[in-house]
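Q: Protein chains in written order, with the working numbering: chain H, 491 to 629; chain E, 491 to 629; chain V, 491 to 629.
It is worth saying that the hints were derived from the structure and are not from the lab.
Incorrect hints may have been included.
As the list claims (entries may be wrong) - Facing chain E, from chain H, some residues (calculated, C-beta under 7 Å):
#1 ALA493
#2 GLY549
#3 GLY598
#4 VAL622
Stated by the list, open to error - Partner residues aside, some chain V positions facing chain E, computed with beta carbon under 10 Å:
#5 ALA517
#6 ASN571
#7 ALA579
#8 HIS580
Stated by the list, open to error - Computed list of chain E residues with no C-beta within reach of chain V, every gap over 10 Å:
#9 ASP511
#10 ASP514
#11 GLY549
#12 ARG573
#13 HIS575
None of these values were measured; they are calculated from a predicted model.
The beta carbon of each residue, even a glycine, is placed where N, CA and C say it ideally should be.
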Amino acid sequence: MMAVHGGQLRLSTRGNTDVVDITDGVAAVLRTSGVELGTVVAFVTGSTAALTTMEYELGGVADLQTLLAELTPADRAWEHNERNHDTNAHAHLRAAVIGPSESIPVVGGRLALGTWQQIVLVDFDDRPRERVVTVHVHS
Amino acid sequence: MMAVHGGQLRLSTRGNTDVVDITDGVAAVLRTSGVELGTVVAFVTGSTAALTTMEYELGGVADLQTLLAELTPADRAWEHNERNHDTNAHAHLRAAVIGPSESIPVVGGRLALGTWQQIVLVDFDDRPRERVVTVHVHS
Amino acid sequence: MMAVHGGQLRLSTRGNTDVVDITDGVAAVLRTSGVELGTVVAFVTGSTAALTTMEYELGGVADLQTLLAELTPADRAWEHNERNHDTNAHAHLRAAVIGPSESIPVVGGRLALGTWQQIVLVDFDDRPRERVVTVHVHS
């Protein structure tokens, strides 16, 4: 018996709070595992991206981008940018608040998501990035 | 040996950032599992509710509702509402930022919570809802 | 076979949104477990502290403190403080939004963190505190 089944998703993002629906990729790892009852852990590597769930829909995506742009403006004089001659302090802040991991139960071989609830990667960095999401299925 | 014990909580909320203490329900699932050392994963299905921990106390609940009403006002012209003829864009935003899952270690058969730390479901939708929280105990 | 290996970190913080890098402590528990493929769950006990990941760097730490001080000022007339003759309502709010737990996959015996991604405890309470972080390694 294997208690954990591991997988990885590799994807390209456009950065700038790009919201990417990764539900199908997570579900594919789950399917490969054959697990009926357990928990999927998804985690994005990197300090300028985050994972959460939301209804993946153009309006909600735009609202999230608007809200975060107002609360953490990219063009403000952040310390991170001044100390490191960098430009993505706002990305670090957004990622830290939302967080890199979610845990989704598996019941009857399916993720316990709602019909309008998708797992999304949000890439806050201010340029396109290659991202790795690690997906572990525990049973 | 069963490595995962699954349970579900079903509850009615009043919506409108109703904060519901689900600690006793989670603890009941844990007790049924008989697990002494492990981790409890709790997850709420749906894109307009979230899970976190807080001191469940009238003042803190009111403060959280005040803060979120200011940061994400219900009556603002959000894109989600305009595109979908909907009214709960603010609920989607709050749920995405706080997130649907928490993982709480079990030590000596008890949740590793503080005395003034409860597991809460926060329902941001703008109407009463029936909610399902899935609780998985891994050992 | 032991499916879960448990450990605890005990640490002193300065409070007031002190950000403490706990990556080495979490990695030490992982090393003791000997787990090659699995997931580490880290959880802070208490309702005025939170866990997340970020680049642990002076600028980013200062930015996070600035942002949270603006969004949830300590000196505002919060209900929690008025009802309980308390002074740390802002700490409760910050902890509830950021959350007490993270789950980090283990691949090849290492945490799936990025080079500039550390696991941090953020202590929002308005005084120095002794904190316990529970670290469970599931395999």
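Q: Would you mind marking each hint as holding or not holding in the structure?
A: We went through each hint and held it up to the structure:
Hint status for ALA493 (chain H) relative to chain E: holds, with the closest Cβ pair at about 6 Å, below 7 Å. Contact between GLY549 (chain H) and chain E, as hinted, is supported at the beta carbon level, the nearest pair being about 4 Å apart and thus within 7 Å. At about 10 Å, the closest approach between the beta carbon of GLY598 (chain H) and any beta carbon in chain E exceeds 7 Å, and the interface hint on this residue is violated. Annotation: VAL622 (chain H) was flagged as interfacial toward chain E, and the flag is violated, the nearest CB pair being 20 Å apart, outside 7 Å.
Because the smallest distance between the Cβ of ALA517 (chain V) and any Cβ of chain E comes to about 17 Å, over 10 Å, the interface hint for this residue is violated. With its C-beta approaching chain E no nearer than about 7 Å, ASN571 (chain V) sits inside the 10 Å limit, and its interface hint holds. Using the Cβ-Cβ criterion of 10 Å, the hint placing ALA579 (chain V) at the interface with chain E is satisfied: the shortest such distance is roughly 6 Å. Annotation: interface hint on HIS580 (chain V) holds; nearest CB of chain E at approximately 9 Å, less than 10 Å.
ASP511 (chain E), annotated as away from the interface, keeps every beta carbon of chain V farther than 10 Å; the closest lies near 12 Å. With a closest Cβ-Cβ approach of about 17 Å to chain V, ASP514 (chain E) is found to remain outside the 10 Å limit, as its non-interface label requires. Not every Cβ of chain V is farther than 10 Å from the Cβ of GLY549 (chain E); the closest lies at roughly 4 Å, contradicting the non-interface assignment. Taking the minimum C-beta to C-beta distance to chain V, about 27 Å, the non-interface status of ARG573 (chain E) holds against the 10 Å cut.
With a cut of 10 Å on Cβ distances, HIS575 (chain E) stays outside the contact zone with chain V, its closest approach being about 30 Å.
When each numbered hint is compared with the structure, violations occur for hints 3, 4, 5, 11.
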